[in-house]
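Working from the sequences, and respecting the hints, build out all of it.
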Amino acid sequence: GEDVEQSLFLSVREGDSSVINCTYTDSSSTYLYWYKQEPGAGLQLLTYIFSNMDMKQDQRLTVLLNKKDKHLSLRIADTQTGDSAIYFCAESIGYDMRFGAGTRLTVKP
Amino acid sequence: NAGVTQTPKFQVLKTGQSMTLQCAQDMNHEYMSWYRQDPGMGLRLIHYSVGAGITDQGEVPNGYNVSRSTTEDFPLRLLSAAPSQTSVYFCASSYSFGGETQYFGPGTRLLVL
Numbered sequence: 677g678e679d680v681e682q683s684l685f686l687s688v689r690e691g692d693s694s695v696i697n698c699t700y701t702d703s704s705s706t707y708l709y710w711y712k713q714e715p716g717a718g719l720q721l722l723t724y725i726f727s728n729m730d731m732k733q734d735q736r737l738t739v740l741l742n743k744k745d746k747h748l749s750l751r752i753a754d755t756q757t758g759d760s761a762i763y764f765c766a767e768s769i770g771y772d773m774r775f776g777a778g779t780r781l782t783v784k785p
Numbered sequence: 784n785a786g787v788t789q790t791p792k793f794q795v796l797k798t799g800q801s802m803t804l805q806c807a808q809d810m811n812h813e814y815m816s817w818y819r820q821d822p823g824m825g826l827r828l829i830h831y832s833v834g835a836g837i838t839d840q841g842e843v844p845n846g847y848n849v850s851r852s853t854t855e856d857f858p859l860r861l862l863s864a865a866p867s868q869t870s871v872y873f874c875a876s877s878y879s880f881g882g883e884t885q886y887f888g889p890g891t892r893l894l895v896l
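Protein chains in written order, with the working numbering: chain A, 677 to 785; chain B, 784 to 896.
Please keep in mind that the hints were generated in silico from the structure rather than gathered at the bench.
Check the hints yourself; a few may be wrong.
[Claimed, not checked] Reference excerpt, derived from the structure (chain B facing chain A, CB under 7 Å, subset only):
id, residue
1, F873
2, T884
3, G888
Cβ coordinates follow ideal geometry from the N, Cα and C atoms, glycine included.
Listed below in structure tokens is the structure:
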């Protein structure tokens, strides 16, 4: 079964902010990741956060981690049509990685 | 650098056939792994390797074998293909594990009839 849960779809207008949410279940996760997958391609690492951090910002991307609620979010500021893709949340536990099912982000002009 | 390469890109098998999915990387990465991606389920780890000669099972290892005789190559073998193994398979590599960028190959789309 899924250890990492995400909503399946998100639609926003170009220029708006997108927030993609994820919940995980294993409190021993050391790193949490966000990956982007474009059609027909492999996964591309966007950003990651170490489990002892609350927030990480990288240009248009902001990751928030709430360890108490086991909740991770990815905010994309000024969303562009090129941001349309599937976004995967993942947690690492030892050498294992568990992925969510992915959130399909659609950006409308 | 070619990065992570996978062959073939697409394969059709009959139930019971065996085949090997190839994966190679030229970045001298120690950690390599295989995932399968099914609709609505995200990626699931099949097997991984932390270095030449060392492999271990992931979440869904049944029906698959791996070996790591060199740092560069990490083939995935299907011993007796089943329709449940119809999926897209991704190979990934990274220098180490945890907080490192994992580089993914382009994927192999496998259809088992």
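Results of checking the hints against the structure:
{"no.": "1", "hint": "F873", "verdict": "6 Å, holds"}
{"no.": "2", "hint": "T884", "verdict": "5 Å, holds"}
{"no.": "3", "hint": "G888", "verdict": "6 Å, holds"}
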